[in-house]
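Build out the structure end to end from the sequences listed, making use of the hints.
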Amino acid sequence: MTDTQWQRYEVFEKERPDLPHRNAGSVHAPDDEMALENARDVFVRRPNCLSLWVVAANKIFSKTVEELAADSSWQDAPPSETSETYLVFQKQGQRQAETFVNHVGEVEARSPQEALGNALNKFSDENVYVWWVCPSHAVTRSEDSDAASLFQPARDKEYRQPNFYRVVTLMHELKASQQEARPLDEDML
Amino acid sequence: MNVYAPNALTALVLALADDELILGHRNSEWTGHAPILEEDIAFSNIAQDEIGHAILWYRIFENLTSRDSDYLVFFREARDFSNVQMMELPKGDWAFTMMRQYLFDAFEMTRLKHLTTSSYQPLADAAAKIRTEEIYHYRHTVNWVKRLGLGTEESHRRMQTALDQVWAYALQLFVPLPDEAQLVAEKIFPNSDEVKSEWEAIVLPVLNESNLIVPSTRTPACASREQHTEHLTALLAEMQETARLESPDVKW
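So the sequences go chain by chain: L and R.
Taken in order, the first sequence gives residues 1 to 189; the numbers are from my numbering.
Taken in order, the second sequence gives residues 1 to 252; the numbers are from my numbering.
Take the hints with a grain of salt, since some may be wrong.
[Unchecked claim] Under the rule of at most 27 Å between Cα atoms (straight-line distance), these lysine-lysine pairs were calculated in the DSS-like manner:
#1 R:K129 to R:K196
#2 L:K122 to L:K59
#3 L:K14 to L:K59
#4 R:K129 to L:K14
#5 R:K196 to R:K91
#6 L:K59 to R:K146
Simulated from the structure, these hints should not be mistaken for lab results.
Encoded structure:
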């Protein structure tokens, strides 16, 4: 049977200047450009966003700390001839609200395995549960010039806010009038 | 002349608003039915944007005429809507929806650019706000047009059929409104011929690049915004049903 599902991309979103790009979730897309658009549509409808990255999930080399402790044979993969830049990500918490995989920096390496080895040496592993590395060239990034059309309109689309439709205020008014009415009802009993 | 629009400027603003409303409503029919989840979100988003743009135009209309826009949307008859027929055509297949939206997005890109310098400031302000979102809409739909045009045999066939069906309707976008010359002279609104040549400069290369053949007709499917197809009546029946069931001052 042919798999007609588009490939999966991991999405990284930077919400504030002082925060790193962090994994927001994933989207399916036929190619890199559409993946970036789908990421925008799925993850940036309302919140602020400064920059988006997408990378095909199969370009990410990933190890949990348990996998690292159990087996070191992954290090034996032969490196390629040339070195390139890899991005390094860490999942730094595992409670419900801390499932972010954060971008922590870059390493130069000749293979994903070497990149992970270099990352383990370069970055602290304190409170790290999962490591991701991927080649920098595999990442599709939004441009600064995209912000005006892709991200900023979300900020002032008041028609997307629930209170634009007055439903909430109407409910408050109705509830308030009911509460005022209740003592009267009791008197009548 | 539309009975709700007493002069050239109000007729223009109502046409802008009705185009966005009817297209936005048509597009909203894809919510829950788009080909993939990501596109369902994206296209619902675009549909909501168009209705949001309609609200901006209706507000200007309200200020000019003191007409309540909720009334205009939910209690007008089909004959009093001034959208072009392209907007009211059924959503068709995904190819038709994408082609219609693409041709409209390219039109918006060109017309809004001119409107941002309108001598009537409320139009210029609204156009500036809408244009940033239209840049994204255009980017989204041009990507679909190219991919479907150059995709499989079936996707190409469906896109060519869609283009053949919608092209003459798209040409109605460039039919001047009655008294439009007055608005052009006052630098409120751009010349439709100029907008059309700029639109063609955008869409013709993209359609060609997508391996699609532009129909030879130069005649718009309809020359007046006062004429509608039976599809608008059906659309309004659904869109207005809930509002018309209740008295206008009901709270729910």
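Hints, one by one, checked against the model:
Taking the CA atoms of K129 (chain R) and K196 (chain R), the gap is about 22 Å. The hint holds against a cut of 27 Å. Proposed proximity of K122 (chain L) and K59 (chain L) is supported: the alpha carbons are some 21 Å apart, at most 27 Å. The straight-line distance between the Cα atoms of K14 (chain L) and K59 (chain L) is roughly 20 Å, inside the 27 Å bound, and the hint therefore holds. For a cut-off of 27 Å, the pair hint linking K129 (chain R) to K14 (chain L) stands: about 24 Å separates their Cα positions.
Under the criterion of a C-alpha separation no larger than 27 Å, the hint pairing K196 (chain R) with K91 (chain R) is consistent with the structure, at around 24 Å. The suggested pairing of K59 (chain L) with K146 (chain R) holds, with an alpha-carbon distance near 26 Å, which does not exceed 27 Å.
Violated hints: none; the structure is consistent with every hint.
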